[in-house]
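Order-wise, the sequence lines are chains P and V. For the first sequence, my numbering assigns the number 1 to the initial residue and increments by one for each residue that follows. For the second sequence, my numbering assigns the number 247 to the initial residue and increments by one for each residue that follows.
Each hint should be verified, as a subset may be incorrect.
[To be verified] Residues of chain V placed beyond 12 Å of chain P at every Cβ, according to the derived structure:
id: 1; residue: A260
id: 2; residue: D301
id: 3; residue: D328
id: 4; residue: V356
id: 5; residue: R364
id: 6; residue: G389
id: 7; residue: L395
[Stated by the list, open to error] Simulated restraints on C-beta separations:
id: 8; chain 1: P; residue 1: A242; chain 2: V; residue 2: R388; range: 45 to 51 Å
id: 9; chain 1: P; residue 1: P65; chain 2: V; residue 2: S319; range: 54 to 60 Å
id: 10; chain 1: V; residue 1: D301; chain 2: P; residue 2: R77; range: 35 to 41 Å
id: 11; chain 1: P; residue 1: D142; chain 2: V; residue 2: S319; range: 32 to 38 Å
In case anyone wonders, no lab produced these hints; they're calculated from the structure. The structure displayed is predicted, hence computed values, not measured ones. Positions of the beta carbon are idealized from the N, C-alpha and C atoms, including for glycine.
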Amino acid sequence: MVAGGARPGAGTQSLGPLLNLRLAQPETIADLRHLPDYAGVTRAGDVVRIGAGTTHAAIEDGAVPGRVGEIMATVARRIAYRPVRNRGTIGGSLAHADPAADWIGVLPVLGGSAVAIGPRGERRIPLAGFVTGIFETALAPDELLRAIEVPVLPAEARWGHWKFCRKVGEFSKATACVLAAPGTPPRAVLAALDRPPLVIEDAGALLADPADEAARIVAGLGEMAPWRSALAQAALRHAATAAGAP
Amino acid sequence: MKRIAIALTVNGKAVEVVAEPREHLADLLRGTLMLTGTHIGCEHGVCGACTVEIDGVPQRSCIVHAGSCDGASVRTIEGFADDAVVAALRESFSREHALQCGYCTPGMLVVARDIVLRLPDADEARVREELAGNLCRCTGYRGIVRAVLGVLADRRAGSSRAEPR
Ligand SMILES: Cc1cc2nc3c(=O)[nH]c(=O)nc-3n(C[C@H](O)[C@H](O)[C@H](O)COP(=O)(O)OP(=O)(O)OC[C@H]3O[C@@H](n4cnc5c(N)ncnc54)[C@H](O)[C@@H]3O)c2cc1C
Ligand code: FES
Ligand code: FES
Chain P
1 MVAGGARPGA GTQSLGPLLN LRLAQPETIA DLRHLPDYAG VTRAGDVVRI
51 GAGTTHAAIE DGAVPGRVGE IMATVARRIA YRPVRNRGTI GGSLAHADPA
101 ADWIGVLPVL GGSAVAIGPR GERRIPLAGF VTGIFETALA PDELLRAIEV
151 PVLPAEARWG HWKFCRKVGE FSKATACVLA APGTPPRAVL AALDRPPLVI
201 EDAGALLADP ADEAARIVAG LGEMAPWRSA LAQAALRHAA TAAGAP
Chain V
247 MKRIAIALTV NGKAVEVVAE PREHLADLLR GTLMLTGTHI GCEHGVCGAC
297 TVEIDGVPQR SCIVHAGSCD GASVRTIEGF ADDAVVAALR ESFSREHALQ
347 CGYCTPGMLV VARDIVLRLP DADEARVREE LAGNLCRCTG YRGIVRAVLG
397 VLADRRAGSS RAEPR
């Protein structure tokens, strides 16, 4: 159906408002929740596979096992409100790629990949490169996001997440997430700006000197309103400190 | 455009209805089924007035497509008439002046019931966090928070005396 032009629909927690505002006027919607195993979490060896249809609420309640699950549960609890989380899905959020959304600002630090399916079969897209623009992803128009695969984390993995919003459940004005796991360089992501998330594959410098490095990273993004720049720097600083920076 | 035939359970009764292609569940409930206890405020998921239970958990009926509810079980505020937790909440809402015009109340009660059952140990900060998705233009929220905390406290006291719930 999707190859034939139908618009995929998952939780419709982003698509629903677009339909009501007449910003989206699809001819047909294909309800992905009918796909087998669309929701649910399985672990195979060192990889946790999260079905794209897994709701934010299921993740909040601990559907993802281990240290990576603890991190994801904390993030999930701060997405929107419980009735929205009860229907909204991690796959829908990622595919929608709202620059201010939560998962796109966190999943890149976990490593791993998005599993896409389409007429040409299945392929894996690294999560760090999945979001390519504002509301744009690496999915082809006839492809669907099927699952997200993230590596398990050792219990000692440290992380920091900082999100600024004035009211609980509001979309973020600036988000940063930093993960420091033994054996790999620390990773960071800066998101919720008017651009796709900035993924920093080696955030060692940020952990060593959060204030100076945050200022340098944000300056590198070009022109930005002063309040935005201040929030973005604060986000990186706080996340780095929580992940173990001095 | 094709109309969509759907079969669902609403407040325990099986119903078969035909929905417009772009109809959302709140319109189906209020229009076709005349269950006007479900209120519509913003129609984009923000205000919480339209919150109902779908398959046992609170969801926004304004951003759930009616066509996606084929086979679903929906419970609106009318369906909680005999529910013990909602009965306790109704009493404490009226005691604490937790409503004035009543527009937000159906959604507040559905969410408040979920808080009471899912988070029996919730404190004031948690209750406020959980209620953040339900807007009230009248009361200033203090009465609503107190009403929910009151039911939580009563239930904690009750269960420590091992009374039936
Ligand atoms: C009031 C409110 C507040 C919110 N606040 C936040 C917030 O603070 N942070 C946050 O991150 N999110 C927030 N959201 C959005 C919420 O997280 C949504 O659940 C999420 O963005 C979309 O998930 P969904 O399953 O509902 O997707 P849908 O709305 O069904 O789909 C969204 C888009 O993705 C496409 N799509 C869906 N699934 C797939 C797939 N598997 N493959 C390809 N394309 C697909 C659809 O065609 C559509 O274009 C909020 C939503 C509401 C209503
Ligand atoms: S009418 Fe549905 S949330 Fe406002
Ligand atoms: S009582 Fe009027 S909106 Fe809440």
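Violated hints - listed by number, lowest first: 2, 4, 5, 8, 9, 10
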